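Chemist: Read off the chains here:
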Amino acid sequence: MALPPNVSEEEFASALSEFAQAVGDEWVFSSDEDVALYRDSYSIYWGEPEERVASAAVAPANVEEVQQIVRVANRYNIPIYPISTGRNLTYGGAAPTLSGSVVVDLKRMNRVLEVDEDRHFALVEPGVSYYDLYNYIQERGLQVMLDVPDPGWGSPIGNSLDHGAGYTMAPFRDHFGSRCGIEFVTAEGEIVRTGTGAMPGTDTWQDYRYGVGPMIDGLLAQSNFGIVTKMGFWLAPMPETFLTGTVTVPRYRDFDALVKEVSYLEDSFLTGMPSFGSPAAGGGFGQASPQMAELMQDGWPSVERLEEFVSAQGRPAWSVELRFYGPEEVVRASWDAAKRRFRDRVAGAAFEDGDFWRLPLSAEELATNPRKPLLGVPALEIFATMARNPRTNDAPLEGHADLFAILPRKAEAVHEAARAMSDAYGELGVPPAHHPFSTPLNFYSRAFIVPAIVPTWRDPARNAQSRALYSRLVDRCAEHDWIVYRTNPAFQDQVVSKLSYNDNALLRFEEKLKDGIDPNGIISPGRYGIWPASMRSGRA
Amino acid sequence: MKVTIVVAGLAILTTAALGQNAPSADTGKVVFDKWCTPCHGAVAPAGGLGDGALPGTSALRVKYNGELPAVLEERTDLAPEFIETVVRGGLFGMPITRKTEVSDSELEDIIAYLTRSNN
Amino acid sequence: MSVSEVRDDLGQLWYGELRGQLRRTRTPLAGVTDRATLFCLEELARDVDMRVRFRVDRVVEQGGRTRHEVSGQPSLAPTLRGLGTDESFGNAMASVVRLVDNSLPGDVGTLRRTGPFHNANERTLVAWIIA
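One line per chain: the protein sequences are A, B and C, in this order.
Residue 540, in my numbering, is where the first sequence stops; the numbers in between run on with no holes.
Residue 119, in my numbering, is where the second sequence stops; the numbers in between run on with no holes.
Residue 131, in my numbering, is where the third sequence stops; the numbers in between run on with no holes.
None of these hints come from the bench; they were simulated from the model.
Small disclaimer: the values here were computed from a predicted structure and weren't measured.
Note that CB positions come from ideal geometry on N, CA and C, so glycine has one too.
Don't take each hint at face value.
[What the hints assert, rightly or not] Here are a few chain B residues that face chain C, going by a calculated C-beta distance under 7 Å:
| no. | residue |
| --- | --- |
| 1 | A79 |
| 2 | G89 |
| 3 | S103 |
[As the list claims (entries may be wrong)] These stretches of chain A come out as covered by chain B in the derived footprint (C-beta under 8 Å, 3 or more residues):
| no. | region |
| --- | --- |
| 4 | 37-43 |
| 5 | 89-95 |
| 6 | 101-115 |
Starting from the given sequences, assemble the full structure and let the hints guide the process.
Modeler: As structure tokens, then:
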């Protein structure tokens, strides 16, 4: 059995018995078999000494039990690691940042406390999944739309606290950006409410998020300053309809104009999340086709060469699917306006109508609808991309560690990132996943993401290669001044070390806060590079 | 020629939930629908990512290549121990499922449901 | 020849020991296990493209009589029929494995007969080869 650092077996046994007094015997997990369920299924260190593993887990049912757990942990100096639904796959899953931590599994705190269909908000506990919240809304026929990430079993609270994102309109698909009001338990066991929740009896906790004075919500995301036990989210009113249309532009050079116009439409709130592609390249995201490999065999091609390639393919260089939400008159007018603007700005721009659905779709219609996340409907269908399917055949992934670089919304930045990542893969002898037609993701309306999906395995030899690649990509991004917006515990120190402005002043400030707020350093030590004073000596 | 010999006279993987109600296939169906159907169900989105099947069903379709049903609910040969091994240990992209998500007794119910047609 | 023992965690045996080795070498596996353990190994072995090639089931019939059911490549049957579970088993299986012809198509019968699990047969032993 793993033990927390610097805690004796006797002390640990005594702490476990106090945890059991707080939550009941059946909710303290300490056998090897039970603790193994808190391993990160996608760990990039699976089965190696460096794999981050828990010493035990404890599952409270309510905020009072969370307070008791924190007090016990403080008495025994035991690091604790809160998880919500534990499904933060690729970013650590249910496993702690520091081995030997006791996982505080909040899955049992699964109440939807409120959904208001007139003011369009929800208030939930951490164990609530997107499925749970969706089902609550469906059962009551409430006319609001969620924004969900690809896998629907995650927690709205956990996802937003790790800066997760979804697919609908800009204000909602930024999940931390759509929060309003947080309740958390401090390392000393006090309950704090942010925003107007600081005033007892307020009726605006989920309406106005600033409260008065500093807004400390951000301290609770990608960090370790408290255990969030309630959180509010703004929801979209259920749109009357959903319409999509695809714009194509013919030449390689047209990507610049395409990007600028899409940014205009997004920032004017005229479209939901745009989805870029490259018909000439047969996609835009994912492994390069054989033709693409041939195109790149002599290095990164010149723009002239790329224009020739596009002409030879006989397909447009780029596409973007626009998604419109709202009353039918409005979405049709928005699509018409978009077409007019593209026509005026890009010679050869062409248009194709896509889906048009009246919302909400019935359960029967949704069962066979492949675009659930675009409609705020939770699903797990994204796993088909990594599972065995007729295309991957016998080469399914066992896991993946994602690296998403944040870029300015500029065509040249996208090409530069694709090239930098392609080079990094090539240097390590890994077939490149990026190419001159790689397209960005637009989860955050004001920034582009160029992703790298690094496979992970339950096989140390192959994981060693994956770690080398991931680490090189982190370095390469930093050389180009791109941040990695989210990462799993194995790389958090490395990613945070790149935030070196003024001698890493931001991290040093966070450490001062950590020392004041959590003097024993019990909550999630090391999460996103924030270590308590007692464990900081090893930091570069 | 190298051979690996596996000896397992003592393999007892299942820990029956002693002292609890007998496993129920009906409850198992409810738990299965919540936790398993989104990947292992029979009804899939047209033109979706799994080429006409949900992720788990799509994967098993390739794995069995027609020798066995890809939809778990159509199987009549599943061993309880295998269901438990996969649910608690994960397999490929399918992650570990914790007891705060699917309890031991709910897992027994799932097993009762998936083995209901074993003959 | 190497010997592995399943204690209480087949996943650990598979991921920790067998799978990496099988992926690299496709070393045939032979065993005497209960049927459930074979079912698990058979399912997992498919992931490295290995199949049950041969099996001898010891089936308990009503009245407590036992009989042996053999399925798989016919040429192996005579050699395997009288197998014991003592130390001679490993050597016997090792010699039999040489006779397995991977080029023959998999016998669906060897795969499908893992279940079902009547109470009387839940823990009876089966000798098998996965290759």
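Chemist: Hints first: check each against the structure and report whether it holds.
Modeler: Cross-check of the supplied hints:
no., hint, verdict
1, A79, "4 Å, holds"
2, G89, "4 Å, holds"
3, S103, "19 Å, violated"
4, 37-43, "holds (count 5)"
5, 89-95, "holds (count 3)"
6, 101-115, "holds (count 3)"
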